[in-house]
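Trainee: Sequence:
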Amino acid sequence: MKILAIEDEPQLLGNIKESLEKENFLVETASDYHSAIDKIFIYEYDCILLDIMLPNGNGLNILAELKKAGKNENVIIISAKDSLDDKLKGLELGADDYLTKPFHLAELNARVKAVLRRQKLDGKDTIEIANSVLDLKERTFMVDRQNIPLNRKEFDILNYFLLNKNRLVTKSALAEHVWGDNSDEADNFDFVYYQIKNLRKKLQSAHADIEIESVYGIGYKLVEK
Numbered sequence: 001m002k003i004l005a006i007e008d009e010p011q012l013l014g015n016i017k018e019s020l021e022k023e024n025f026l027v028e029t030a031s032d033y034h035s036a037i038d039k040i041f042i043y044e045y046d047c048i049l050l051d052i053m054l055p056n057g058n059g060l061n062i063l064a065e066l067k068k069a070g071k072n073e074n075v076i077i078i079s080a081k082d083s084l085d086d087k088l089k090g091l092e093l094g095a096d097d098y099l100t101k102p103f104h105l106a107e108l109n110a111r112v113k114a115v116l117r118r119q120k121l122d123g124k125d126t127i128e129i130a131n132s133v134l135d136l137k138e139r140t141f142m143v144d145r146q147n148i149p150l151n152r153k154e155f156d157i158l159n160y161f162l163l164n165k166n167r168l169v170t171k172s173a174l175a176e177h178v179w180g181d182n183s184d185e186a187d188n189f190d191f192v193y194y195q196i197k198n199l200r201k202k203l204q205s206a207h208a209d210i211e212i213e214s215v216y217g218i219g220y221k222l223v224e225k
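Here the sequence shown is numbered in UniProt numbering, starting from 1 and rising by one per residue.
Don't read these hints as lab results, they were simulated from the structure.
Computed cross-link-like contacts, DSSO-like style, restricted to lysine-lysine with a CA-CA straight-line distance of at most 27 Å:
hint: 1; residue 1: Lys113; residue 2: Lys124
hint: 2; residue 1: Lys87; residue 2: Lys39
hint: 3; residue 1: Lys225; residue 2: Lys197
hint: 4; residue 1: Lys71; residue 2: Lys39
hint: 5; residue 1: Lys124; residue 2: Lys22
hint: 6; residue 1: Lys67; residue 2: Lys17
hint: 7; residue 1: Lys71; residue 2: Lys221
Working from the sequences, and respecting the hints, build out all of it.
Mentor: Here is the structure:
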């Protein structure tokens with residue numbers, strides 16, 4: 001899962017990034033209004049952590065721009081302003097949650113996981129398709145109740161495919177989601193190909209009733225057999 005943390009306090013931003021990365025999230029950062037707007041409208045995120053008070057602008061304006069553009073990222077406001085008016089305005093503009101500074105990082109992690117579960121899985125911690133079960137909380141993958149070991153990238157790739165079952169996933173979208181914004185600087189997508197190749201072998205060996213099909217020249221699609 002990919003998160004954008006927008007926060008102008010360097011120490012807090014670093015702590016948020018480190019804490020969420022320990023929870024196996026991919027975290028990008030922005031420390032001012034303009035860089036945040038640039039990232040939001042170039043890349044896709046599963047969740048945005050948004051400070052209200054930013055250099056060169058206001059986080060609530062970013063929320064308004066998201067709504068105007070019809071983008072549906074989950075948004076959690078993180079702000080020192082414990083104002084009911086700000087909270088209500090943020091929720092009216094489409095924020096999913098509101099966390100007031102100072103807060104414990106464990107609380108932030110829990111809020112992020114909660115909004116992601118609500119959107120993607122209707123509150124569940126697992127994705128079940130055919131004879132396969134991916135447990136997002138425990139980061140395990142089971143086929144016919146047998147544990148199939150996956151490395152971190154394989155797990156994140158399979159997670160993305162399962163959430164986009166039967167949909168075409170381009171190589172660039174997959175690379176950006178799993179490897180981050182710097183993936184667009186790569187000369188080719190061989191690193192995607194090798195991870196897909198290994199994941200396919202594991203699915204085949206485990207007799208999973210799902211498979212990753214290639215869509216020539218574009219990307220991949222996960223389907224049930």
